[in-house]
Amino acid sequence: MRDVTQIFHKLSERFAEKIVRLETQNVDPWIEVESTSIALVGFFLRDEADLLFRMLNCITAVDYPPSKIPDETNDWGRLELIYHLTSLDYGSRLVLKVVLPRWKDNVPGRLPEVPTVSPVWPTATWHEREIFDLMGVYFVGHPDLRRILCPEDWEGHPLRKDYEMPREYHGIPLK
Amino acid sequence: MAVLSCLGLLVLVGSAAAFLIWAERKIAGRIQDRYGPTRVGGRFGWLQSVADGIKILGKEDIIPASGDRLLFRLAPYLAFVAAFSWYIALPFSDRLVVARTDIAALFVVAVAGLEVYAILLGGYASGGKWSLIGGMRETVQVISYEIPLTLGAIIPVVLTGSMDLVAVGEAQKGGFWNWYIFHNPFAFLGFWVFVTAAAASLNRAPFDLPEAESELVSGYMTEYSGFRWAAFMLSEYIAIFAMCLLTAVLFLGAWHMPLPIFEWFGWKSGNSYLHYWMSHIFEAAIVATKALFGAMVLMWARWSLPRLRIDQVMIVCLKYCLPLGALAFIGCLLWQTLFPGGIFSAVINF
Amino acid sequence: MAKQQSILPAEQWESFDIQTEELLVNMGPQHPSTHGVLRLVLRTRGETVLELTPFIGYLHRCAEKIGENVSAQQWIPYTDRLDYLAAMNMNLGWALTVEKLLGMTVPERGRHLRVALVELDRIASHLVAVGTYALDLGNFTPFMYCFREREKILNLFEQISGARLTFSFIVAGGVRADAPAGWVEACREFLDQLPTTLSQVHHLLSTNAIFVRRTAGIGVLTKELAIGYGCSGPVLRASGVQWDLRRHGEPIYTSLYEDYHFEIAAPNPSGRYPPAEELPLPPPEAVVGDCWHRYFVRMYEIHQAAKLVRQALEKYEDSGGPVGSPIKHTHKLPKGEAYLETECPRGQMGFFVVGRDSPVPWRVRARSSSFCNLSVLPELCRGAFIADVPAILGSLDIVLGEVDR
Chain A
1 MRDVTQIFHK LSERFAEKIV RLETQNVDPW IEVESTSIAL VGFFLRDEAD
51 LLFRMLNCIT AVDYPPSKIP DETNDWGRLE LIYHLTSLDY GSRLVLKVVL
101 PRWKDNVPGR LPEVPTVSPV WPTATWHERE IFDLMGVYFV GHPDLRRILC
151 PEDWEGHPLR KDYEMPREYH GIPLK
Chain B
1 MAVLSCLGLL VLVGSAAAFL IWAERKIAGR IQDRYGPTRV GGRFGWLQSV
51 ADGIKILGKE DIIPASGDRL LFRLAPYLAF VAAFSWYIAL PFSDRLVVAR
101 TDIAALFVVA VAGLEVYAIL LGGYASGGKW SLIGGMRETV QVISYEIPLT
151 LGAIIPVVLT GSMDLVAVGE AQKGGFWNWY IFHNPFAFLG FWVFVTAAAA
201 SLNRAPFDLP EAESELVSGY MTEYSGFRWA AFMLSEYIAI FAMCLLTAVL
251 FLGAWHMPLP IFEWFGWKSG NSYLHYWMSH IFEAAIVATK ALFGAMVLMW
301 ARWSLPRLRI DQVMIVCLKY CLPLGALAFI GCLLWQTLFP GGIFSAVINF
Chain C
1 MAKQQSILPA EQWESFDIQT EELLVNMGPQ HPSTHGVLRL VLRTRGETVL
51 ELTPFIGYLH RCAEKIGENV SAQQWIPYTD RLDYLAAMNM NLGWALTVEK
101 LLGMTVPERG RHLRVALVEL DRIASHLVAV GTYALDLGNF TPFMYCFRER
151 EKILNLFEQI SGARLTFSFI VAGGVRADAP AGWVEACREF LDQLPTTLSQ
201 VHHLLSTNAI FVRRTAGIGV LTKELAIGYG CSGPVLRASG VQWDLRRHGE
251 PIYTSLYEDY HFEIAAPNPS GRYPPAEELP LPPPEAVVGD CWHRYFVRMY
301 EIHQAAKLVR QALEKYEDSG GPVGSPIKHT HKLPKGEAYL ETECPRGQMG
351 FFVVGRDSPV PWRVRARSSS FCNLSVLPEL CRGAFIADVP AILGSLDIVL
401 GEVDR
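Chains as they are written, first to last, in our numbering: chain A, 1 to 175; chain B, 1 to 350; chain C, 1 to 405.
Heads up, a few of these hints could be off.
Under 8 Å between C-beta atoms, here's a sample of chain C residues computed to sit facing chain B [to be verified]:
(1) LEU23
(2) VAL25
(3) GLY28
(4) HIS31
(5) GLY138
(6) HIS202
(7) LEU204
(8) PHE385
(9) ALA387
(10) ASP388
Think of the hints as simulated: they come from the structure by calculation, not from any bench. In this text, a Cβ means the ideal position worked out from N, Cα and C, and glycines have one as well.
Full structure from sequences and hints, please.
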């Protein structure tokens with residue numbers, strides 16, 4: 001199954017309102033999935049005989065803080081997780097998107113939560129660690145959620161748009 | 001006299017090691033399509049080893065804080081002494097030998113195992129885990145290969161009926177058909193077992209696991225610098241030369257020419273003092289040439305073969321070298337009983 | 001099947017007469033065979049590795065954060081520094097991603113020049129991989145041979161771009177300049193003498209008994225594991241997956257290669273490769289997915305890439321017109337998101353860009369192939385010998401610049 005509209009309908013049949021919408025205006029069309037059911041959708045996409053998205057290429061997190069996006073109605077901004085999948089058997093590609101609040105319950109400092117997809121695709125283990133490290137997303141059920149690129153005692157999540165570089169790190173001036 | 005000959009030997013062996021270090025760089029260069037050293041000393045970089053030595057002496061001497069200071073300092077000298085004590089019993093000709101003993105072969109094989117202590121101590125006293133692993137690998141490897149090495153070395157002893165290396169050398173007189181490598185098929189097999197075991201006990205590639213650059217980062221030598229490192233390095237090359245010398249004496253006709261030209265032209269029968277010494281120095285040059293050829297083969301192998309893994313090294317020893325060495329030994333015993341005098345004389349007599 | 005060592009369960013260890021303690025050793029971040037600043041913590045028992053944990057991030061240079069502060073064209077030099085051994089391929093990946101977002105196409109002559117450049121860089125990169133792999137296994141000589149050939153490629157790149165390592169030459173919109181006079185001939189000259197070195201390397205490595213014993217059946221990566229861990233490139237293909245983005249990628253990328261002929265370098269289930277030049281046959285000990293096949297896939301790709309460069313040079317000479325012109329630094333990226341993966345020497349390098357009507361992208365993401373290939377290392381090293389760790393790591397062929405970004 002190569003056509004994204006078909007895949008969208010198939011997913012909608014199976015998961016009903018958990019599949020939020022299909023965006024076809026973009027260069028790469030994407031399907032938005034409700035954050036709580038991403039792992040279940042992942043299992044379905046991987047194992048269903050006419051989908052077989054067995055490879056997870058990449059997980060990307062994009063930060064949209066409230067003030068910098070003029071056309072954004074949500075005052076709290078949002079975080080987007082983008083999953084790029086490939087089916088080696090059918091040669092098809094799929095983009096999934098999950099929209100998260102920037103902070104859980106809109107309390108700054110509490111990381112937004114999303115189920116891990118590492119049981120579905122083991123490669124997600126490191127990708128999710130990276131996103132936790134740089135973007136501050138908590139992956140529920142992740143086997144080993146530690147920082148990966150930054151030192152373990154680093155503070156903050158550098159790829160967030162409102163991140164401020166600390167003045168010093170263990171006495172090393174950074175600015 | 002003994003002190004004088006020891007001093008002479010020290011100079012000789014030291015310069016042989018320096019030459020081997022230079023030759024190794026040159027040969028490695030040629031194998032890899034490059035020049036190797038070219039500048040120092042005018043042409044061919046022949047003074048490169050001296051320049052290296054001066055550089056090494058200028059290096060900072062570091063003893064790791066986690067190491068054992070006394071043992072750390074002791075290890076390089078132990079290595080040097082172990083490598084050098086080979087030469088006490090190794091003959092260069094039937095007269096040029098520091099101490100001619102009846103148990104020379106036994107002595108040499110026993111001393112060959114001494115280096116283990118130096119390397120194990122060096123690895124342990126460095127206080128690093130990688131160094132320790134390097135030292136342990138060395139111990140396992142050298143002690144295991146002692147057995148096939150001894151089995152190989154015992155063949156010429158059996159064929160001669162003497163442990164005296166001078167007697168072993170003299171028994172191979174009169175042309176290459178008398179060399180023990182060509183004595184009989186079992187001796188030929190024993191020679192290759194001996195060479196393999198020799199390469200392994202010298203830690204030469206493909207058996208250079210104790211100092212495996214890629215995983216152990218030079219193993220026991222990691223923490224050494226300056227003069228101590230040089231002592232390890234020098235003793236390694238001294239041991240290589242000694243082992244090649246031993247191989248030449250045991251199997252490759254010692255100080256005899258491949259064809260007995262001297263005997264044919266009657267040069268050796270002169271009685272003057274000068275003639276006597278010249279002939280011995282010439283014989284020493286012959287055996288040294290054979291040894292250098294052996295060293296070159298070791299270098300050739302080092303620069304063209306990858307390294308074995310530790311279990312593979314042990315498999316080569318226990319599954320191949322040991323049974324083959326035992327076979328060669330027993331075969332030689334039987335051969336010596338049935339047709340004493342070697343395959344060529346057996347064929348001629350038949 | 002695989003001759004992989006299995007770890008003994010604890011009670012069997014107890015049954016040995018001689019007990020050894022577990023030792024925790026650090027491999028890296030300064031270690032010759034970790035190919036950069038990678039730190040591996042090994043839990044070993046004797047010479048057996050019980051557990052391996054990689055620690056990365058020592059070369060983290062905030063490339064993605066920088067990408068959010070410079071325009072798309074200005075980020076090209078930063079892509080050079082991701083996989084610095086295949087900078088042309090990195091440039092192309094980012095350039096195509098931006099072009100995909102902009103909906104641009106590049107004139108034919110530029111397209112063929114791009115193919116020639118990236119395939120030359122693929123040869124250079126694989127030569128480094130093979131040479132350093134030989135070094136990992138204790139053989140120094142092939143390393144010198146490979147680096148000599150790579151040096152010639154770098155000279156060619158220097159002639160065309162002025163740089164030897166970080167080219168910034170392929171940019172969104174085309175390439176920076178046309179090839180200088182005599183460059184095509186110099187390339188052909190290089191390609192004519194390349195097979196001699198390759199046959200030497202085959203002789204010293206591919207068929208060498210010790211090399212085969214060190215690599216065949218070691219670190220076997222099954223198809224399922226490889227796909228699950230997102231491995232790509234030679235690592236994925238060596239596991240027997242017939243997948244090469246130059247054939248199976250997105251149209252904007254495959255259109256580069258549409259009229260080129262080459263074989264996908266992947267062994268079939270019985271371990272045989274598509275027949276090509278005079279290559280040695282795989283040794284009987286080799287298992288699909290082991291270190292030997294990962295090494296050999298790279299050698300095979302060098303042969304294929306040399307063929308591709310020849311074709312590209314021919315087509316480049318035959319086609320007229322411009323080679324494309326770089327977009328301006330102030331060129332606005334439209335609103336939208338584009339993701340594109342290209343087949344780089346180390347695997348599928350993906351770039352993701354979010355535009356928002358400004359020359360500066362809102363978000364830039366680099367999906368690193370080495371990052372995913374490295375993540376499978378703990379699986380491969382469990383139960384291996386210490387000496388196998390460099391052998392397995394070297395066969396994955398990572399570049400830390402790309403892992404840490």
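Report task. Run the structure past the numbered hints and jot down the numbers of the failing ones, going up. Result -> Numbers 3 and 6, in rising order.
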